[in-house]
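Work out the full structure: start from the sequences and follow the hints.
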Amino acid sequence: MAHAHNHTFAHEGGHDGHHDLEELRKFGFWIFLITDCILFATLFATYLVLHESTAGGPDAKEIFEMPGVIVETFILLTSSFTSGLAVLAMNAGSRNGLLGWLVVTILLGAAFIGMEVTEFAKLIHEGHTIQTSAFLSGFFTLVGTHGLHVSLGICWITAIIIQLTRHGITPVTRRKVHITSLYWHFLDAVWIFVFTFVYLMGVM
Amino acid sequence: MIDQLTDFVSWFFVTGDPLIYGADVAIALTMAAIVFVLTYFRKWGWLWREWLTTVDHKRVGIMYIIAALLMLFRGGVDALMMRTQLAFPDMKFLSPEHYNEVFTTHGVIMILFMAMPLMFGLFNIAVPLQLGARDVAFPFLNSLSFWLFFFGAMLFNTSFVIGGSANAGWLSYPPLSELTGSPGVGEDFYIWGVQISGIGSLMTGINFIVTIVKMRAPGMTWSRVPIFTWSVLSSCIAIIVAFPVLTVTLALLFLDRFLGAHFFTMDGGGNAMMYVNLIWMWGHPEVYIVVLPAFGIFSEVVAAFSRKRLFGYGSMVFAMMSISLMAYFTWLHHFFTMGSGANVNLFFAISTMIIAIPTGVKIFNWLFTMFRGRISFKTPMLWTIAFIPCFVVGGMTGVMLSVAPADFQFHNSYFLIAHFHQVLIGGVAFGYFAGLYYWWPKMFGFKLNETIGKWAFWIWNIGFYVCFMPQYIVGLDGMTRRINSYGWDTGWWALNFTSTIGGFLMGIGFLFQVWQIAHSIKFMEKDTTGDPWGARTLEWSIPSPAPLYNFATTPLVTDRDDWWEEKERIAAGKMPKAKPELEPIHMPKNSPIPFIQSVCWFTVGFGLVFHWLWMAIPGFIGIALTMLAHSFNYDTDYYIPVDEIKRTEARAGRVV
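From first to last, the protein sequence lines stand for chains A and R.
Going by our numbering, the first sequence opens with residue 105, and the numbers climb by one from there.
Going by our numbering, the second sequence opens with residue 7, and the numbers climb by one from there.
Check the hints yourself; a few may be wrong.
Said to hold, decoys possible - In silico DSS-like pairs for lysine-lysine, Cα to Cα no more than 27 Å straight-line:
| hint | chain 1 | residue 1 | chain 2 | residue 2 |
| --- | --- | --- | --- | --- |
| 1 | R | Lys-220 | R | Lys-595 |
| 2 | A | Lys-130 | R | Lys-532 |
| 3 | R | Lys-64 | R | Lys-580 |
| 4 | R | Lys-453 | R | Lys-528 |
| 5 | A | Lys-130 | R | Lys-220 |
| 6 | A | Lys-226 | A | Lys-165 |
| 7 | R | Lys-595 | A | Lys-130 |
| 8 | R | Lys-580 | R | Lys-528 |
| 9 | R | Lys-49 | R | Lys-532 |
Stated by the list, open to error - To be clear about the criterion: a stretch of chain R counts as covered by chain A if any three or more of its residues have a C-beta under 8 Å from a C-beta of chain A, and this derived list gives those stretches:
| hint | region |
| --- | --- |
| 10 | 160-167 |
| 11 | 239-253 |
| 12 | 542-553 |
To be verified - Just the calculated beta-carbon pair ranges, DEER-fashion:
| hint | chain 1 | residue 1 | chain 2 | residue 2 | range |
| --- | --- | --- | --- | --- | --- |
| 13 | A | Ala-215 | R | Ser-346 | 40 to 48 Å |
| 14 | R | Asp-13 | A | Thr-222 | 39 to 47 Å |
| 15 | A | His-229 | R | Ile-168 | 49 to 57 Å |
| 16 | R | Tyr-334 | A | Leu-304 | 26 to 34 Å |
| 17 | A | Ala-214 | R | Leu-76 | 28 to 36 Å |
I should point out that these hints are in silico values taken from the structure, not numbers from a laboratory.
No residue lacks a Cβ here, since even glycine has one placed at the ideal position from N, Cα and C.
Structure representation (structure tokens):
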């Protein structure tokens with residue numbers, strides 16, 4: 105482990121690079137999140153430019169079904185809460201608590217994705233596809249990109265659950281849990297914007 | 007059966023043009039030669055262990071530079087083909103279709119596959135050394151960035167002989183780039199080549215921000231950070247803000263072409279001008295992304311070769327940071343004719359003029375640094391001096407273009423072509439040449455031949471003015487960009503012919519640079535000092551080429567231009583700074599994953615270009631598996647023992 109080999113000189117400087125590797129990676133991830141924010145901001149901008157360009161197809165009012173979306177939103181918000189509980193369990197040193205809350209988090213995430221896929225499938229079944237209009241191109245792309253991020257997060261947390269069962273709570277796995285938790289909260293925040301700008305503004 | 011096969015082959019490979027057949031033969035011969043040499047000298051293992059899997063930032067930098075110089079050759083050949091076609095009226099050298107492909111690939115290659123990698127190469131060579139660091143923050147990610155760039159560039163270049171090249175211009179505006187305008191695969195090659203390398207660029211931006219913010223040597227406060235490193239920081243901030251926009255823009259264009267979406271189409275409610283806005287929200291900052299590091303290089307070089315501290319360090323930093331911010335408020339000046347209204351055009355015209363102010367400040371700083379300095383006219387300094395008048399003229403024609411009403415006249419004319427080549431060649435290419443000559447000894451341990459370098463310099467410079475000054479005039483005379491032929495009655499012949507001569511002179515200048523490198527490799531004089539220019543910053547305090555671990559002991563920084571101040575102290579008879587005891591050095595292990603994962607990306611890109619999901623899906627699975635393999639690998643580092651550090655330093659003539 106890097107920590108064991110540390111020497112005073114590097115500690116005093118605090119810039120030697122390797123001993124605070126975990127901190128470095130967390131900082132790098134924050135910067136990645138900035139880039140992901142800009143990616144979503146661009147998609148939101150395109151959606152807002154195109155959301156009235158229905159080209160004779162249906163508009164938002166006709167196709168969005170709010171009850172399902174509200175349930176989805178509660179599920180995702182809850183999963184963000186449980187991912188917070190996972191970090192608290194980790195800080196308390198409870199590996200089983202950590203694993204348990206992570207499993208709950210990905211189950212909620214999977215439920216969210218399941219509902220989203222159902223919504224997409226229903227729309228496509230009714231003939232409202234990405235090819236119908238610029239509005240639907242923007243809708244499927246923005247919401248789909250968020251869904252892709254959540255799916256990726258599910259795979260990622262699963263990989264970390266496996267690593268936690270192998271290695272337990274170490275500085276490395278601790279950092280990994282922190283980073284995925286950060287990622288999960290970020291996706292939650294993005295969803296609040298999706299909910300507001302796509303669904304709420306769409307049906308109002 | 008045979009008929010089907012021939013049909014496939016004639017569709018799959020580009021056929022029907024003798025120039026392409028010639029290129030096919032050249033490519034096949036080169037590949038065969040490379041395979042033969044590597045096999046004959048048994049170098050495959052060496053190539054894999056020492057280069058393809060390396061995570062050493064210096065080697066990654068060298069690979070970036072080699073790839074960039076090869077791309078400079080290809081982009082340059084494209085340029086000369088265009089100039090040949092335009093040398094005389096009614097020329098029949100390139101067909102109109104082929105001409106479209108050539109100007110498209112010239113632009114894409116020069117900006118994305120030449121300027122960007124050359125810049126990243128210099129980042130990799132210089133930044134960790136200037137910071138007194140052992141490495142970049144994320145060495146694995148750094149290697150992945152390089153290979154993504156490399157395979158993205160290879161994918162784009164493949165279109166030259168397979169499937170056909172993009173032909174909608176370097177920014178691929180719809181509707182030309184939509185399926186209706188470009189039904190072939192060229193645009194898909196463009197989308198995936200640029201997308202894959204763009205993801206690499208984004209990761210490099212993140213990597214270097216973290217490196218600069220977190221890995222400075224002890225004592226290196228922000229006011230002691232070398233100016234090139236500051237310029238890299240400003241460039242990387244622009245990268246992380248601009249490149250996600252490019253990622254989205256290309257993805258949306260791909261969805262239009264692949265799934266029949268309607269983001270930019272003429273039907274279905276799409277909006278082609280949205281593409282133009284999006285691509286320039288990336289494209290304009292991109293111009294500053296490539297030029298800011300060049301400003302940093304000029305600042306380092308001008309101080310080192312004037313033997314003076316850089317004049318106006320603080321204003322220089324402020325100017326670069328404000329340029330990287332202001333770059334986002336200028337994008338619309340690329341299409342004042344969109345019809346966005348007088349007020350919007352006014353805003354972007356004024357913001358474009360304002361951005362000239364910090365640049366002007368910097369020009370004065372460089373001049374004042376030279377003032378009363380003891381200037382030595384080595385090649386890096388020559389390129390720096392030549393840059394100043396070139397950039398002043400290019401900047402002023404830029405201000406002319408920023409006047410919105412006048413731009414309605416200049417728009418898309420050769421005046422514009424002359425302007426941006428003047429700032430991009432005079433600013434970026436000259437800057438990177440200066441940087442390449444300046445840091446060459448640090449990379450390879452020997453200097454490049456000065457005499458041949460001076461020949462290259464003069465031929466390039468004379469060629470540059472002969473090539474681009476006539477283009478300003480012919481542009482004002484009404485010649486528009488992207489036309490492939492003109493008549494005798496236009497009166498443009500003499501100016502175009504002169505311009506072509508200048509283009510070929512620059513090509514000869516490039517050949518002199520190739521000769522310079524080849525000659526220097528054979529007759530090099532080894533640099534034993536580690537500081538052949540008598541320079542100022544930390545990278546010159548260690549041996550040339552830099553050892554694997556860079557610094558035997560982490561430097562303690564007490565001044566700006568710390569190495570210069572240390573030399574002054576020693577010259578004044580004071581004791582050199584005390585160095586701490588040697589300790590084992592923590593280093594990252596090499597990894598094959600970046601290379602393998604990038605091959606998977608190439609597979610995905612190639613598969614999607616041809617709509618072959620049987621190829622793209624395994625590629626995606628490969629990407630996922632390599633990511634998991636990296637995540638599950640906990641054995642990523644090792645320690646260099648003290649004995650080995652002592653031996654390495656002794657071989658470089660250092661006592662520790």
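(request) For the pair supplied as a hint, R:Lys-453 and R:Lys-528, confirm whether the alpha-carbon distance does not exceed 27 Å. (result) holds, 12 Å
(request) Could you say whether the range 28 to 36 Å given as a hint is met by the Cβ separation of A:Ala-214 and R:Leu-76? (result) violated, 47 Å
(request) Given the hint that R:Lys-64 pairs with R:Lys-580, test it: the Cα-Cα distance must not exceed 27 Å. (result) At roughly 33 Å apart (the allowed maximum being 27 Å), R:Lys-580 and R:Lys-64 break the hint.
(request) With respect to the beta-carbon atoms only, verify the hint that A:His-229 and R:Ile-168 lie 49 to 57 Å apart. (result) violated, 39 Å
(request) Hint says 26 to 34 Å; check whether the CB-CB distance for R:Tyr-334 and A:Leu-304 agrees. (result) Holds, at about 29 Å.
(request) Tell me if chain A covers the region 239-253 of chain R under the three-residue, 8 Å CB rule, please? (result) Our answer is that it holds, as 6 residues pass the Cβ test (under 8 Å) against chain A, meeting three.
(request) Please count how many residues of the region 160-167 of chain R have a CB within 8 Å of a CB from chain A and say whether that reaches 3. (result) Check failed, 0 qualifying residues.
(request) Below or equal to 27 Å on CA atoms is what counts here, so check R:Lys-220 against R:Lys-595. (result) The hint holds at about 21 Å.
(request) Just tell me: holds or violated, for the beta carbon distance of R:Asp-13 and A:Thr-222 against 39 to 47 Å? (result) Roughly 44 Å apart at Cβ, these two residues keep to the hinted range, so it holds.
(message) With the threshold set at 27 Å, check whether the alpha-carbon distance from A:Lys-226 to A:Lys-165 stays at or below it.
(response) holds, 16 Å
(request) Using the Cβ atoms, figure out if A:Ala-215 sits within 40 to 48 Å of R:Ser-346. (result) Between A:Ala-215 and R:Ser-346, where Cβ atoms are some 45 Å apart, the hint holds.
(request) Sort out whether A:Lys-130 lies within 27 Å of R:Lys-595, counting only the CA atoms. (result) holds, 21 Å
Consistency note: the structure conflicts with the earlier hints numbered 2, 3, 8, 10, 12, 15, 17.
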